[in-house]
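Student: Given next are the chains, with one letter for each unit.
4 protein chains.
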Amino acid sequence: MQKYIFELEMKVRDYECDLQGIVNNANYQHYIEHTRHEFLCAAGLSFARLHEEGIDPVVARISMAFKAPLRSGDVFISRLALQKEGIKYIFLQDIYRKADGRLSLRASVETVCLIGGRLAGCPLFDETFRPYLPS
Amino acid sequence: MQKYIFELEMKVRDYECDLQGIVNNANYQHYIEHTRHEFLCAAGLSFARLHEEGIDPVVARISMAFKAPLRSGDVFISRLALQKEGIKYIFLQDIYRKADGRLSLRASVETVCLIGGRLAGCPLFDETFRPYLPS
Amino acid sequence: MQKYIFELEMKVRDYECDLQGIVNNANYQHYIEHTRHEFLCAAGLSFARLHEEGIDPVVARISMAFKAPLRSGDVFISRLALQKEGIKYIFLQDIYRKADGRLSLRASVETVCLIGGRLAGCPLFDETFRPYLPS
Amino acid sequence: MQKYIFELEMKVRDYECDLQGIVNNANYQHYIEHTRHEFLCAAGLSFARLHEEGIDPVVARISMAFKAPLRSGDVFISRLALQKEGIKYIFLQDIYRKADGRLSLRASVETVCLIGGRLAGCPLFDETFRPYLPS
Numbered sequence: 000m001q002k003y004i005f006e007l008e009m010k011v012r013d014y015e016c017d018l019q020g021i022v023n024n025a026n027y028q029h030y031i032e033h034t035r036h037e038f039l040c041a042a043g044l045s046f047a048r049l050h051e052e053g054i055d056p057v058v059a060r061i062s063m064a065f066k067a068p069l070r071s072g073d074v075f076i077s078r079l080a081l082q083k084e085g086i087k088y089i090f091l092q093d094i095y096r097k098a099d100g101r102l103s104l105r106a107s108v109e110t111v112c113l114i115g116g117r118l119a120g121c122p123l124f125d126e127t128f129r130p131y132l133p134s
Numbered sequence: 000m001q002k003y004i005f006e007l008e009m010k011v012r013d014y015e016c017d018l019q020g021i022v023n024n025a026n027y028q029h030y031i032e033h034t035r036h037e038f039l040c041a042a043g044l045s046f047a048r049l050h051e052e053g054i055d056p057v058v059a060r061i062s063m064a065f066k067a068p069l070r071s072g073d074v075f076i077s078r079l080a081l082q083k084e085g086i087k088y089i090f091l092q093d094i095y096r097k098a099d100g101r102l103s104l105r106a107s108v109e110t111v112c113l114i115g116g117r118l119a120g121c122p123l124f125d126e127t128f129r130p131y132l133p134s
Numbered sequence: 000m001q002k003y004i005f006e007l008e009m010k011v012r013d014y015e016c017d018l019q020g021i022v023n024n025a026n027y028q029h030y031i032e033h034t035r036h037e038f039l040c041a042a043g044l045s046f047a048r049l050h051e052e053g054i055d056p057v058v059a060r061i062s063m064a065f066k067a068p069l070r071s072g073d074v075f076i077s078r079l080a081l082q083k084e085g086i087k088y089i090f091l092q093d094i095y096r097k098a099d100g101r102l103s104l105r106a107s108v109e110t111v112c113l114i115g116g117r118l119a120g121c122p123l124f125d126e127t128f129r130p131y132l133p134s
Numbered sequence: 000m001q002k003y004i005f006e007l008e009m010k011v012r013d014y015e016c017d018l019q020g021i022v023n024n025a026n027y028q029h030y031i032e033h034t035r036h037e038f039l040c041a042a043g044l045s046f047a048r049l050h051e052e053g054i055d056p057v058v059a060r061i062s063m064a065f066k067a068p069l070r071s072g073d074v075f076i077s078r079l080a081l082q083k084e085g086i087k088y089i090f091l092q093d094i095y096r097k098a099d100g101r102l103s104l105r106a107s108v109e110t111v112c113l114i115g116g117r118l119a120g121c122p123l124f125d126e127t128f129r130p131y132l133p134s
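Chains as they are written, first to last, in numbering that gives the first Met the number 0: chain B, 0 to 134; chain D, 0 to 134; chain P, 0 to 134; chain X, 0 to 134.
Isolated chain B, as found in the complex (with noise of 0.2 Å):
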């Protein structure tokens, strides 16, 4: 059983619906990414601070199952679950249709840390996220 550590609430844009009018696959990464930024954010940490720090966390892998199709009007539940694997952060991501509470997407995102460009473990992720993390 996943354990949601963040979720945040979004609704659909009709911009991002493509001509066979349900969201456009491409945005399902806009939304996940959008909110593992958002749970960075309530974690004390700013993606774009830290790459002008030279700290840049990047998608390594990602894996997405498309379960059932947002639409126009539809409010969605973006959750995530974080896991460590050697130096790679994995957030598991699932985004619930909030009307029926129906699964809309599950992600797998790998993300590992470039520090000034080069692959890296990242000791201010790991004191920071270490609550996060399942015990």
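Worth flagging that the hints you see were computed from the coordinates, not collected in a lab. Any given hint could be a false lead.
[Claimed, not checked] Derived pair list, reagent style DSBU-like, types lysine-lysine, alpha-carbon separation capped at 35 Å:
| id | chain 1 | residue 1 | chain 2 | residue 2 |
| --- | --- | --- | --- | --- |
| 1 | B | K83 | B | K66 |
| 2 | X | K83 | P | K10 |
| 3 | D | K83 | D | K2 |
| 4 | P | K97 | X | K97 |
| 5 | D | K97 | B | K2 |
| 6 | D | K87 | D | K97 |
| 7 | B | K2 | B | K87 |
| 8 | B | K97 | B | K10 |
| 9 | B | K87 | D | K10 |
| 10 | B | K10 | B | K66 |
| 11 | X | K10 | D | K10 |
| 12 | X | K87 | X | K2 |
| 13 | B | K10 | D | K83 |
| 14 | X | K87 | D | K97 |
| 15 | X | K2 | P | K10 |
| 16 | D | K10 | X | K66 |
| 17 | B | K10 | X | K10 |
| 18 | D | K10 | B | K66 |
| 19 | D | K2 | D | K66 |
| 20 | B | K97 | B | K2 |
| 21 | D | K10 | P | K10 |
| 22 | B | K10 | D | K87 |
| 23 | X | K97 | P | K10 |
| 24 | D | K10 | B | K10 |
| 25 | D | K2 | X | K66 |
| 26 | P | K83 | P | K66 |
| 27 | D | K87 | D | K66 |
| 28 | D | K97 | D | K2 |
| 29 | X | K87 | P | K10 |
[Said to hold, decoys possible] Label pairs and their calculated CB-CB ranges:
| id | chain 1 | residue 1 | chain 2 | residue 2 | range |
| --- | --- | --- | --- | --- | --- |
| 30 | X | I86 | B | K66 | 49 to 55 Å |
| 31 | D | A41 | B | G115 | 45 to 51 Å |
| 32 | B | G100 | X | E6 | 48 to 54 Å |
| 33 | X | L123 | B | L123 | 35 to 41 Å |
| 34 | P | E126 | X | E84 | 56 to 62 Å |
| 35 | P | R101 | B | G100 | 42 to 48 Å |
Cβ atoms here follow ideal geometry from the backbone N, Cα and C, with glycine treated the same way.
The hints should help you fit chains D, P and X onto chain B, whose structure is shown.
Tutor: Below, chains D, P and X without anything else, positioned relative to chain B:
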């Protein structure tokens, strides 16, 4: 003086910023489109449903003055006023940075209505928007 | 070994880069979607027309490994191979930076077909894609 | 009469179309931004490199008249003319559908230059753009 009839609070999402570190100009068009559609929604109309019924409000002309760039982390208020000129509805749309109330964008958006693909006056809009027009 | 059956050359557009100065991850989904649709087009099918006829190919699952970021000015080649598994078509999609041939993205995209909104085998695709499948 | 000094051919990508089945308006801003940057590139300048050197051309004002919507599959030509007014460079940018030469978008884009974050005349641009200005 503008008399705003609707407002929506949003927060910059990092993917909306470009390599200059500021919100890419095209995203302001997204912000104000979403604001118009949420206004429609508050007035009881759905942009997607209108499309299914063959009623397509479209933008004929837009003009935007970029006053102060929004950046990562900025919260902003998108405000809207409405005027009618002939068969056109004109949305005056301003975006203010929340932290200091500074004007970020001033825009004017002329919209017309296509019914079954043809330019036409739209009685549904006339009725719906009447309470929002300046008297 | 992959056997690519289609390729498309594109160039990074600056608005696709984010505040880290590299192409935002979600845009790779755009790149590979556009590549699939251009492949469809080369095979004689139009994604938009299919939708009008009630045939909607949709992505069920996607997995992407980000190998080397693309940057402003980069030209890249997006290549595609195709496999069939049951009623799923699986697109293996790789993006190479043109200047040095370096692999930038490796993706696998599982698609299924909705006909009139319901999951179904798609004889039109079976026939169209047959010449492109590994024998 | 406009005298175009640069043009770029592009093709609509399906993800640029919205639920009305036409290119979402904000994407025209993307098209004309990309055209300006490719013009810069042809003139020997890189938008990304300029940013690294502390020179940021920014859009102060944009006005767009949407004449005929582009749709899935459309190929279009984005053309550009240039004028100088004081410290502003004004790009007159038109988009034509290739199939029938029909005008799709007419835009005017006023740009100014920030050097080290401050509004300034830009000798580099003055020199680079001189050959492209009307005499």
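Student: Against each hint, give a clear statement of whether it holds in the structure.
Tutor: Each hint tested on the structure:
At most 35 Å may separate the alpha-carbon atoms for a hinted pair to count; B/K83 and B/K66 meet this at roughly 26 Å. Proposed proximity of X/K83 and P/K10 is supported: the alpha carbons are some 29 Å apart, at most 35 Å. For the suggested pair D/K83 and D/K2, the alpha carbons sit about 14 Å apart, so the restraint of at most 35 Å is met. For the hint pairing P/K97 with X/K97, the CA-to-CA distance comes to about 27 Å; that is within 35 Å, so the pair holds.
Straight-line distance between C-alpha atoms of D/K97 and B/K2 comes to about 34 Å, which keeps the hinted pair within the 35 Å bound. A distance of roughly 31 Å separates the Cα atoms of D/K87 and D/K97; the hinted pair therefore holds under the 35 Å criterion. Between B/K2 and B/K87 the alpha-carbon distance is near 18 Å, which keeps this suggested pair within the 35 Å criterion. Straight-line distance between C-alpha atoms of B/K97 and B/K10 comes to about 9 Å, which keeps the hinted pair within the 35 Å bound.
At most 35 Å may separate the alpha-carbon atoms for a hinted pair to count; B/K87 and D/K10 meet this at roughly 28 Å. With a C-alpha separation of about 18 Å, the suggested pair B/K10 and B/K66 falls inside the 35 Å cut-off, and the hint holds. Distance check on the hinted pair: X/K10 and D/K10 sit about 32 Å apart at the alpha-carbon level, within 35 Å; holds. Proximity of X/K87 to X/K2 is assessed by CA-CA distance (about 18 Å); at most 35 Å being required, the pair is judged to hold.
Note on B/K10 and D/K83: the hinted pairing holds, with a Cα-Cα distance of about 29 Å set against a maximum of 35 Å. With a C-alpha separation of about 29 Å, the suggested pairing of X/K87 with D/K97 holds against the 35 Å cut-off. With a CA separation close to 26 Å, the supplied pair X/K2 and P/K10 stays within the 35 Å bound. For the hint pairing D/K10 with X/K66, the CA-to-CA distance comes to about 32 Å; that is within 35 Å, so the pair holds.
Between B/K10 and X/K10 the alpha-carbon distance is near 30 Å, which keeps this suggested pair within the 35 Å criterion. Among the hinted pairs, D/K10 with B/K66 is consistent with the structure: their alpha-carbon atoms are about 27 Å apart, no more than 35 Å. The suggested pairing of D/K2 with D/K66 holds, with an alpha-carbon distance near 20 Å, which does not exceed 35 Å. Between B/K97 and B/K2 the alpha-carbon distance is near 18 Å, which keeps this suggested pair within the 35 Å criterion.
The hinted pair formed by D/K10 and P/K10 meets the criterion: a straight-line CA distance of about 30 Å does not exceed 35 Å. A C-alpha spacing of about 28 Å is found between B/K10 and D/K87, which places the hinted pair at or below 35 Å, so the restraint holds. With a C-alpha separation of about 20 Å, the suggested pair X/K97 and P/K10 falls inside the 35 Å cut-off, and the hint holds. For the hint pairing D/K10 with B/K10, the CA-to-CA distance comes to about 13 Å; that is within 35 Å, so the pair holds.
A distance of roughly 30 Å separates the Cα atoms of D/K2 and X/K66; the hinted pair therefore holds under the 35 Å criterion. For the suggested pair P/K83 and P/K66, the alpha carbons sit about 26 Å apart, so the restraint of at most 35 Å is met. Distance restraint check for D/K87 and D/K66: the Cα-Cα separation of roughly 26 Å lies within the 35 Å cut-off, and the hinted pair is therefore satisfied. For the suggested pair D/K97 and D/K2, the alpha carbons sit about 18 Å apart, so the restraint of at most 35 Å is met.
Between X/K87 and P/K10 the alpha-carbon distance is near 28 Å, which keeps this suggested pair within the 35 Å criterion. Against the hinted window of 49 to 55 Å, the Cβ-Cβ separation of X/I86 and B/K66 comes to about 53 Å, which satisfies the hint. For the hinted restraint 45 to 51 Å between D/A41 and B/G115, the CB-CB distance of approximately 48 Å keeps it satisfied. Separated by about 51 Å at the C-beta atoms, B/G100 and X/E6 satisfy the suggested range of 48 to 54 Å.
Taken as a hint, the range 35 to 41 Å holds for the pair X/L123 and B/L123, whose Cβ atoms sit roughly 38 Å apart. At about 59 Å, the CB distance of P/E126 to X/E84 agrees with the hint of 56 to 62 Å. Under the hint 42 to 48 Å, the C-beta atoms of P/R101 and B/G100, about 44 Å apart, fit the expected range.
Hint compliance for this structure: no hint is broken.
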